[in-house]
Amino acid sequence: GEDVEQSPFLSVREGDSSVINCTYTDSSSTYLYWYKQEPGAGLQLLTYIFSNMDMKQDQRLTVLLNKKDKHLSLRIADTQTGDSAIYFCAETGGFKTIFGAGTRLFVKA
Amino acid sequence: NAGVTQTPKFQVLKTGQSMTLQCAQDMNHNSMYWYRQDPGMGLRLIYYSASEGTTDKGEVPNGYNVSRLNKREFSLRLESAAPSQTSVYFCASSPLAGQGARGVETQYFGPGTRLLVL
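Protein sequence lines, in the order shown, are assigned to chains B and F. For reference, each letter of the first sequence is one residue, going 1 to 109 in our numbering. For reference, each letter of the second sequence is one residue, going 1 to 118 in our numbering.
Please note that a few of the clues may not be correct.
Stated by the list, open to error - 30 angstroms max Cα-Cα, derived BS3-like pairs, lysine-lysine:
(1) 9/F - 57/F
(2) 96/B - 9/F
(3) 96/B - 57/F
(4) 68/B - 14/F
(5) 68/B - 96/B
(6) 68/B - 36/B
(7) 36/B - 9/F
(8) 96/B - 14/F
(9) 71/F - 96/B
(10) 108/B - 68/B
(11) 96/B - 108/B
(12) 56/B - 96/B
(13) 70/B - 9/F
Said to hold, decoys possible - The following residues of chain B were derived to be distant from chain F, with all beta-carbon distances above 10 angstroms:
(14) 12
(15) 14
(16) 21
(17) 25
(18) 58
(19) 59
(20) 69
(21) 77
(22) 81
(23) 82
(24) 83
(25) 92
(26) 96
(27) 97
(28) 108
(29) 109
Unchecked claim - So the derived list for chain B, only partly shown, Cβ under 7 angstroms to chain F, looks like this:
(30) 31
(31) 42
(32) 43
(33) 48
(34) 100
Just so you know, the hints here were simulated from the structure itself, not pulled from any lab data. From the three backbone atoms N, C-alpha and C, an ideal C-beta is built for every residue, glycine too.
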């Protein structure tokens, strides 16, 4: 079945760039998403990319999609302590959305 | 707008007890979902409702039942709680409707219910 995989942890220094990676298996994915979960809260959509795009930029966020390798990444420029959270990659191929297990981002001051 | 609300926020049950988790959304969304979140496993879909009056099983439906009471409300029931059901439960909603609906499926999540089954 479809699967979405992410590394469980990433640690960066404040002010550096963070790159969170994700791989997926569903070749019919049409939309890919990044959600953010802060402590004690539900997930909140950060950004999404349509599968016919290679890149999408939104302020400090840059999403890169390599459809051939089924690889998605989220780059956060000038990472701040407020960016500390769990980031989930997700994909929609049909009606169903599949979520990865999340990457916990630690930002060191 | 409150978005997606869930009650209760926390619950402790003994094995064998039953309870219903409530979820409501005020965004006039068609689709609603129940997920559980366990450490290292991300979100797993329990049940979903693509539109009022329909419900379908997700990845991990065993031990749960759901009711789509109306367009706003989607409840999750544990008939006989087990320790394996200790988890954080999230309700979500989406504007998309119907099986096979295509488009950006932004899901809006509630704050979660933390359930401990002893």
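Each hint tested on the structure:
1. 9/F - 57/F: holds, 24 angstroms
2. 96/B - 9/F: holds, 27 angstroms
3. 96/B - 57/F: Satisfied, since the Cα-Cα distance of roughly 11 angstroms is no more than 30 angstroms.
4. 68/B - 14/F: Not satisfied, since the Cα-Cα distance of roughly 49 angstroms exceeds 30 angstroms.
5. 68/B - 96/B: holds, 22 angstroms
6. 68/B - 36/B: holds, 26 angstroms
7. 36/B - 9/F: Measuring from Cα to Cα gives roughly 20 angstroms; hence the hint holds.
8. 96/B - 14/F: Violated: residue 96/B and residue 14/F sit about 33 angstroms apart, past 30 angstroms.
9. 71/F - 96/B: holds, 19 angstroms
10. 108/B - 68/B: The given pair, whose Cα atoms are some 34 angstroms apart, is violated under the 30 angstroms limit.
11. 96/B - 108/B: With a Cα-Cα distance of about 36 angstroms, the restraint between residue 96/B and residue 108/B is violated, given a limit of 30 angstroms.
12. 56/B - 96/B: With a Cα-Cα distance of about 23 angstroms, the restraint between residue 56/B and residue 96/B holds, given a limit of 30 angstroms.
13. 70/B - 9/F: Distance ~37 angstroms between residue 70/B and residue 9/F Cα, so the pair is violated.
14. 12: Nearest chain F Cβ is 21 angstroms from residue 12/B, so the label holds.
15. 14: Label holds. Min Cβ-Cβ 26 angstroms, cutoff 10 angstroms.
16. 21: The claim stands: residue 21/B keeps its Cβ more than 10 angstroms from every Cβ of chain F (closest is about 15 angstroms).
17. 25: holds, 15 angstroms
18. 58: Residue 58/B is indeed farther than 10 angstroms from all Cβ atoms of chain F, at 14 angstroms.
19. 59: Holds, since 18 angstroms exceeds 10 angstroms.
20. 69: holds, 21 angstroms
21. 77: Holds: least Cβ distance 23 angstroms, greater than 10 angstroms.
22. 81: Its Cβ never comes within 10 angstroms of chain F, the nearest being 22 angstroms, so this holds.
23. 82: holds, 19 angstroms
24. 83: holds, 19 angstroms
25. 92: Answer for residue 92/B: violated, closest chain F Cβ roughly 5 angstroms.
26. 96: Incorrect as stated: the minimum Cβ-Cβ distance to chain F is 7 angstroms, not above 10 angstroms.
27. 97: violated, 6 angstroms
28. 108: holds, 22 angstroms
29. 109: Check passes; 26 angstroms lies beyond 10 angstroms.
30. 31: holds, 5 angstroms
31. 42: With a minimum Cβ separation of about 3 angstroms from chain F (threshold 7 angstroms), the hint on residue 42/B holds.
32. 43: For residue 43/B, the interface hint holds, since the closest Cβ of chain F sits about 5 angstroms away, which is under 7 angstroms.
33. 48: Cβ of residue 48/B sits 6 angstroms from chain F, so the hint holds.
34. 100: With a closest approach of 6 angstroms, the residue 100/B hint holds.
Hint check: violations occur at hints 4, 8, 10, 11, 13, 25, 26, 27; the rest are consistent with the structure.
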